[in-house]
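Protein chains in written order, with numbering that gives the first Met the number 0: chain G, 0 to 174; chain Z, 0 to 633.
Calculated from the structure, these hints are not laboratory results. Source: prediction; values computed, not measured. Check before you lean on any hint, since a few could be wrong.
Taking lysine-lysine pairs in the DSS-like style, the calculated list, with each CA pair at most 30 Å apart, reads [said to hold, decoys possible]:
hint : chain 1 : residue 1 : chain 2 : residue 2
1    : Z       : Lys410    : Z       : Lys18
2    : Z       : Lys410    : Z       : Lys319
3    : G       : Lys65     : Z       : Lys318
4    : G       : Lys160    : Z       : Lys18
5    : Z       : Lys18     : G       : Lys65
6    : G       : Lys65     : Z       : Lys564
7    : G       : Lys160    : Z       : Lys410
8    : Z       : Lys318    : G       : Lys125
9    : Z       : Lys318    : G       : Lys160
10   : Z       : Lys410    : G       : Lys125
11   : G       : Lys65     : Z       : Lys332
12   : Z       : Lys410    : Z       : Lys312
13   : G       : Lys66     : Z       : Lys332
14   : G       : Lys66     : Z       : Lys410
15   : G       : Lys66     : Z       : Lys318
16   : G       : Lys125    : Z       : Lys319
17   : Z       : Lys332    : G       : Lys125
18   : G       : Lys65     : G       : Lys160
19   : Z       : Lys319    : G       : Lys66
20   : Z       : Lys167    : Z       : Lys319
Label-pair ranges, simulated between beta-carbon atoms [unchecked claim]:
hint : chain 1 : residue 1 : chain 2 : residue 2 : range
21   : G       : Lys125    : Z       : Ala251    : 53 to 59 Å
22   : Z       : Glu198    : G       : Gln126    : 28 to 34 Å
23   : G       : Arg14     : Z       : Glu198    : 30 to 36 Å
24   : G       : Ala106    : Z       : Asp363    : 20 to 26 Å
25   : Z       : Glu409    : G       : Gln126    : 29 to 35 Å
The beta-carbon is built from N, C-alpha and C at its ideal position, and this holds for glycine as well.
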Amino acid sequence: MNFNDDHYALFELRRSFQLDVSLLDRRYREIQAQVHPDKFAQAGDADRRLSLQWATRVNEAYQTLKKPLSRAQYLLRLAGQEVGAENNTAMPEDFLMEQMEWREAVAEARLGREQGELEHLHLRLKQQMTDRYEQLAVLLDDRHDYPAAADLVRRLMFLEKLLFEIDEAMAALEA
Amino acid sequence: MALLQIAEPGESAAPHQHKLAVGIDLGTTNSLVATVRSGLSVVISDELGRPLLPSVVRYHPDGSSEVGYEAQANQALDPRNVIASVKRFMGRGLNDIAHRESMPYDFVDAPGMVRLRTVAGVKSPVEVSADILRALRLRAEAALGGQLVGAVITVPAYFDDAQRQATKDAARLAGLPVLRLLNEPTAAAIAYGLDNAAEGVYAVYDLGGGTFDISILNLSRGVFEVMATGGDSALGGDDFDQRIFCWIIEAAKLKPLSIEDARLLLTRAREAKEYLTPHGVAPISARLNSGEVVDLKLTTEIFTEISQTLVAKTIQPVKKALRDAGLSVSDIKGVVMVGGATRMPQVQRAVGEFFRQVPLNNLDPDKVVALGAATQANLLAGNRAAGDDWLLLDVIPLSLGLETMGGLVEKIIPRNSTIPVARAQEFTTFRDGQTALAVHVVQGERELITDCRSLARFELRGIPPMVAGAARIRVRFQVDADGLLAVSASELTSGVEASITVKPAYGLSDDEIAGMLKDSMTHTRDDALRRALKEAQVEAQRLIEAVVSAMKSDGDLLSEEQRVKLESCIARLQTTALGDNRRHITLAMDDLEAETKDFAARRMNRSIHNAFAGRSINDLEGGQDSSKSLGEPA
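Please model the complete structure; the sequences and the hints are all you need to start from.
This is the structure:
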């Protein structure tokens, strides 16, 4: 195992989108237990610096693999497939229309202070996202169709952002 | 065989020689120091058997100071020179301080952090805190009979970078090596979790004298993982005193108060609050210098009513932390109550109602943080055997970011990220031919720069002139295990670099610290130089022991030549450490450090490898056959 290994190699996991999250949790804790700065509080500067670098590296790898969207983005990067989130914002019109409708519904619920409606939107969106993540698993793990996966990842980025906004709106109403 | 003898001291010393380490709860109202004795965490009391040290410092015209009960007793007598609740001023500017007008202090505005004018001169909150820490250090050294290898010092989880840095500086000023800054609720969770062999998700509700924290932790098989934290670093028991104080003025229809009278009434307010909890009604009487007489009765009902908004104010961060952790009330297995202010029945009731369960009060809320800190200090000092330890995964409480064009904030590291953490982001220039770039580091959750706390500003100069948008400036944030931030920036096409440990923002430069160190030494009885030498000798011994033990366990990673080199460096350090030249000791330590760099890297690789050793092939490929599962979408 080396510092520059990819995240999957670091945790000795097979490189795939579908992953046993509890196994990832366990591996993460095992490695962190070896490298964490708390293990080196009494060590020399060189050890302390290395431990900081390693613990940082392990946290980054864990956070990337833990969440499905960042895991998919990472897999695409390993496959040499550009997601092109920054310069490829041109999405199909029907998708954009759908997004507009979602946003209007969220705005309406927020202004009307309809907590129940926001919760409903949250659940509906979550279901849609679950379906898309399942499609993504097929594209990445079975078909290895990276351009199609990148397209789906771009859509999911929109949906994750939307979900975040719904949650924020719910939080604001609660306060 | 000279070389063999050199290795012997490390060997002949008892293999698990107990190192003296302490945990310190540097509180707003009271401070404590605790240590682990025969496997048990205990608070170290003063010679009169009192466990608490009031966080109150009195300054005298001759420059000397006294800390604790004596200082506290003179608060009303000498309000300007008796500094209480100084924690509220740590890392804070004049304008950040609430209720300034009702405080008796002579504030001095200074860049970054406020100062206080006393008869002993202008004092920074860092110096006042250092006086408290020094008193605790001396207490511990007297009780334990030796020099400390270090201390774990607790800070509110919601402390920002400036407040943490100020705390670390205070420790340095007090001659205390800091093993770690530890978040108060996390320290409490360690004490509680280890005592009760707790497993599951717990909330720690920590209402101290001046700060409020809520942390949600997952405790499982030797891992304490903070899932989210939140709070208010300017809300605590003091504010409840303040409410009673205002009620007294109103109820007794008092005229504007002198600072002595104000101090007296604040003290009466605090006493009434403490008396009220067990008694249900508290008499308040005072004869003021103005001639007015106060004679009132505070009941639980009145107190509950006048403090209602304060209690409600603590519930908002609780909700936010739960949301950040992705949990709801029903996921919380227990709520641990920490901090003296949680004794108030209205607080107990509100927390119980919110979490729909009776809060846990089985550990003394005044002591639990110090006890947990001592336990962690004992671990960090290396007094526990491998396998008989635990892993602590903590988070940063507030997002860290940069100011971008238009006064907006670009978040680089989001709040509740597990530390240590690093994140880099690329920025570019705004104008054609722009050769310098201002980097403004901020902390907070809001979109606008004016709503966030400014941590540091620095400049990256020498960027080759290019058209706007062509330069690629990479800014890297690194937060260490103490929660402290370092920022570096480099221009990728030319390699121009600049870096900064976020520090000068609150106005204490290294020179100032050095100056304060010198000042404080002239006023303390310990022999500063002798102490510094002794510290270097202890450090040298620590390093030698670390290297010798590493060579013992992983010596096979060294070539014969490397081994001989290391041994000669150790020998040299050992000899210099016997002498009294501090600089020579430091140099010899640097040599040994440099020589071990490679070795350290190889050992680290091995220990990570070992994390997976002894596992079957089947297990290693475990991900494949186990049930397919997708993580929760964020």
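Consistency of the hints with the structure:
Simply put, Lys410 of chain Z and Lys18 of chain Z have alpha-carbon atoms about 41 Å apart, too far for the 30 Å limit, and the pair is violated. Straight-line distance between C-alpha atoms of Lys410 of chain Z and Lys319 of chain Z comes to about 19 Å, which keeps the hinted pair within the 30 Å bound. Restraint check for Lys65 of chain G and Lys318 of chain Z: the C-alpha separation of about 24 Å stays at or below 30 Å, so the hint holds. A C-alpha spacing of about 51 Å is found between Lys160 of chain G and Lys18 of chain Z, which places the hinted pair above 30 Å, so the restraint is violated.
A threshold of 30 Å between alpha carbons decides the hint, and for Lys18 of chain Z with Lys65 of chain G the separation of about 39 Å lies outside it, so the pair is violated. A hinted pair counts as satisfied when its Cα atoms are at most 30 Å apart, and Lys65 of chain G with Lys564 of chain Z does not qualify at roughly 44 Å. Straight-line distance between C-alpha atoms of Lys160 of chain G and Lys410 of chain Z comes to about 15 Å, which keeps the hinted pair within the 30 Å bound. Proposed proximity of Lys318 of chain Z and Lys125 of chain G is supported: the alpha carbons are some 22 Å apart, at most 30 Å.
With a C-alpha separation of about 21 Å, the suggested pair Lys318 of chain Z and Lys160 of chain G falls inside the 30 Å cut-off, and the hint holds. Proximity of Lys410 of chain Z to Lys125 of chain G is assessed by CA-CA distance (about 25 Å); at most 30 Å being required, the pair is judged to hold. Annotation: proposed proximity of Lys65 of chain G to Lys332 of chain Z holds, straight-line Cα distance about 24 Å (limit 30 Å). A C-alpha spacing of about 26 Å is found between Lys410 of chain Z and Lys312 of chain Z, which places the hinted pair at or below 30 Å, so the restraint holds.
Between Lys66 of chain G and Lys332 of chain Z the alpha-carbon distance is near 25 Å, which keeps this suggested pair within the 30 Å criterion. A C-alpha spacing of about 19 Å is found between Lys66 of chain G and Lys410 of chain Z, which places the hinted pair at or below 30 Å, so the restraint holds. Among the hinted pairs, Lys66 of chain G with Lys318 of chain Z is consistent with the structure: their alpha-carbon atoms are about 23 Å apart, no more than 30 Å. For a cut-off of 30 Å, the pair hint linking Lys125 of chain G to Lys319 of chain Z stands: about 21 Å separates their Cα positions.
This hinted pair checks out: Lys332 of chain Z and Lys125 of chain G have alpha carbons roughly 27 Å apart, not beyond 30 Å. This hinted pair checks out: Lys65 of chain G and Lys160 of chain G have alpha carbons roughly 18 Å apart, not beyond 30 Å. Distance check on the hinted pair: Lys319 of chain Z and Lys66 of chain G sit about 21 Å apart at the alpha-carbon level, within 30 Å; holds. This hinted pair checks out: Lys167 of chain Z and Lys319 of chain Z have alpha carbons roughly 28 Å apart, not beyond 30 Å.
Our hint of 53 to 59 Å for Lys125 of chain G and Ala251 of chain Z holds, since their Cβ atoms are close to 58 Å apart. In this structure, Glu198 of chain Z and Gln126 of chain G meet the distance hint of 28 to 34 Å, their C-beta atoms being roughly 32 Å apart. The hinted window of 30 to 36 Å between Arg14 of chain G and Glu198 of chain Z holds, with their beta carbons roughly 33 Å apart. Checked against the hint of 20 to 26 Å, the C-beta distance between Ala106 of chain G and Asp363 of chain Z comes to roughly 50 Å, which is inconsistent with it.
Separated by about 33 Å at the C-beta atoms, Glu409 of chain Z and Gln126 of chain G satisfy the suggested range of 29 to 35 Å.
In terms of the numbered hints stated before, the structure departs from hints 1, 4, 5, 6, 24, listed from lowest to highest.
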